[in-house]
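Note that the protein sequences, when read in sequence, are chains A and B. Numbered per my numbering, the first sequence finishes at 327, counting up by one with no gaps. Numbered per my numbering, the second sequence finishes at 327, counting up by one with no gaps.
If you're looking for bench data, these hints aren't it; they were derived computationally from the structure. Mixed in with the good hints, there may be bad ones.
Claimed, not checked - Which bits of chain B does chain A cover? Going by a derived footprint, with three or more residues having C-beta under 8 Å, they are:
{"hint": "1", "stretch": "178-185"}
{"hint": "2", "stretch": "260-274"}
What the hints assert, rightly or not - Simulated coverage check for chain A against chain B, where a stretch passes if three residues somewhere in it have a Cβ under 8 Å from a Cβ of chain B:
{"hint": "3", "stretch": "102-113"}
{"hint": "4", "stretch": "117-125"}
{"hint": "5", "stretch": "163-174"}
Even glycine gets a Cβ: it sits at the ideal position worked out from N, Cα and C.
Protein chains: 2
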Amino acid sequence: MSRVLVTGATGFVGRHVLDPLLRAGHEVHAVARRPADGDPRVTWHAADLLEGDPDVVGEIEPELLLHLAWYAEHGRFWSSPQNLNWVEASLRLLRAFAGAGGRRAVLAGTCAEYDWSTGVDAYDEASAPVRPVTLYGAAKHGLHTVAAAYAAQAGFELAWGRIFFLYGPGEAPERLVPAVARSLLAGEPAETTSGTQVRDFLHVSDVAAAFAALLDSDVRGPVNVGSGEPVRIADVVQLLGEVAGRPDLLRLGALPTREGEPERIVASVRRLREEVGWAPRIGLREGLQDTVARLRDR
Amino acid sequence: MSRVLVTGATGFVGRHVLDPLLRAGHEVHAVARRPADGDPRVTWHAADLLEGDPDVVGEIEPELLLHLAWYAEHGRFWSSPQNLNWVEASLRLLRAFAGAGGRRAVLAGTCAEYDWSTGVDAYDEASAPVRPVTLYGAAKHGLHTVAAAYAAQAGFELAWGRIFFLYGPGEAPERLVPAVARSLLAGEPAETTSGTQVRDFLHVSDVAAAFAALLDSDVRGPVNVGSGEPVRIADVVQLLGEVAGRPDLLRLGALPTREGEPERIVASVRRLREEVGWAPRIGLREGLQDTVARLRDR
Chain A
30 MSRVLVTGAT GFVGRHVLDP LLRAGHEVHA VARRPADGDP RVTWHAADLL
80 EGDPDVVGEI EPELLLHLAW YAEHGRFWSS PQNLNWVEAS LRLLRAFAGA
130 GGRRAVLAGT CAEYDWSTGV DAYDEASAPV RPVTLYGAAK HGLHTVAAAY
180 AAQAGFELAW GRIFFLYGPG EAPERLVPAV ARSLLAGEPA ETTSGTQVRD
230 FLHVSDVAAA FAALLDSDVR GPVNVGSGEP VRIADVVQLL GEVAGRPDLL
280 RLGALPTREG EPERIVASVR RLREEVGWAP RIGLREGLQD TVARLRDR
Chain B
30 MSRVLVTGAT GFVGRHVLDP LLRAGHEVHA VARRPADGDP RVTWHAADLL
80 EGDPDVVGEI EPELLLHLAW YAEHGRFWSS PQNLNWVEAS LRLLRAFAGA
130 GGRRAVLAGT CAEYDWSTGV DAYDEASAPV RPVTLYGAAK HGLHTVAAAY
180 AAQAGFELAW GRIFFLYGPG EAPERLVPAV ARSLLAGEPA ETTSGTQVRD
230 FLHVSDVAAA FAALLDSDVR GPVNVGSGEP VRIADVVQLL GEVAGRPDLL
280 RLGALPTREG EPERIVASVR RLREEVGWAP RIGLREGLQD TVARLRDR
């Protein structure tokens, strides 16, 4: 059992990570601007990481840090200058963590760090070229460069979970899965692109569980967090039609595909499976069923 | 003529850059914690870039930014956590610059961004692998990753001058050239390693002139700032012995070579020469003569 500090604990991934951390027996401290009600075993701390040095870290003295907080506003996060603020806040956080005697930190990276023009079958952490084209991907990758060198210098372990495509409860309503599901549940046509692009989808609970496992491992450096399963976006949409019982409302191809969309973005999950020893528990059909069921219940 | 803001203007490179900027006809504003006396044509602003948002940028509204400020304490800068503070300060500075309508920024990078284990003849900006092993190199490179993407997004030009090895007036006294020169001038033996490593040396006035030229060009991205001339460190020491008139006091090989010292670190200067259109004016012998003469006069 260790004392864990989680940032972004009210976010999309963060709200799913508290359970696995508690189940692993950790003393869980969560930082958020507006702490959530919920599991009484979690100790919440109200703090804005964007505002100056995070004194809260020195008060908690965590052994482990799981840093998930970032600017994540749908549609804006790719290019927002807020990405710079989060690089700054993350560096302050890491300095505070080292200063408080922290032992191991895991941070959230992104598949958008990789060079998406390569069209490789699967991105391997050690060999796939890294060349982010978005400000979000560049900010994450730049942070990783600095953070990894700082961890080595300051004497704490650092791992970097590169998240691929995720879906599930809590997802921004404008995004593909909830947008299609809500149309279908409302009995309205769901217009999408033809969806020929291949992606790597993982249910957000599994993403969170993977991060919890990575935190409890001694693996360092970048680790892809994905399913390793190539799936066409059209197949995700078809599955949504099936589990919602309204395949007739699907309108694949009604919207034009965005220029420059990469054909294929799939994770190599060798490190995650073999080194961290973690595998997904929620298949795509089951995960989409769960997502649709929760939207139906609301 | 443009309004230029220079940071680190009292530093090793910075104090040599004001002249070429003035000669190019610019309106020069300099930021430093402790402004220097000197050329009355330079407008000095007292500000600590490490402390919060740099309001001074909004007051000056510079078209051009030459950002040279960084932590540079001899022997400590390679591994100091201050490198993180400077990443943060630099990102704040760039946001302020973009917010004030800035058009073009040039920042100081380092040859320590390159993968020094490759042993290539000369590091080329486009093809040489980048893999910093020091915190200093990683901080600079991480900053470049974020800054380049931010500039593209925010709509200003950004160039990144990767400084190789520099020497000249104002150099920290513990470093090779002044340390050897001072011993010789004091009539004491100058103990050095055997100095078989090959490096790329450029006089600090030329480094500063190269940055001024880069600022006035429209070249973007990384540009090596070096001489392109491979020189053994032993040859630098021998030349110092000659120009100081005391080759008899040299003790090459008296000190052990540090473990893991790279054999060869030399810049490809194609971009600097052909794209920026700049070439060094001070040869190594002349530059060392100048350095020794100034130390003698003190």
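Verification of the hints:
1. Evaluation of the coverage hint for the stretch 178-185 of chain B: fulfilled, as 5 residues show C-beta separations to chain A shorter than 8 Å, against a requirement of three.
2. Under a criterion of three residues with beta carbons nearer than 8 Å to beta carbons of chain A, the stated coverage of the stretch 260-274 of chain B fails, only 0 such residues being counted.
3. Under a criterion of three residues with beta carbons nearer than 8 Å to beta carbons of chain B, the stated coverage of the stretch 102-113 of chain A is upheld, 4 such residues being counted.
4. Against chain B, the stretch 117-125 of chain A contributes 5 residues with a C-beta closer than 8 Å to a partner C-beta. That satisfies the three-residue criterion, and the hint holds.
5. Note: the stretch 163-174 of chain A has 10 residues with beta-carbon separation from chain B under 8 Å; the three-residue rule is met and the coverage holds.
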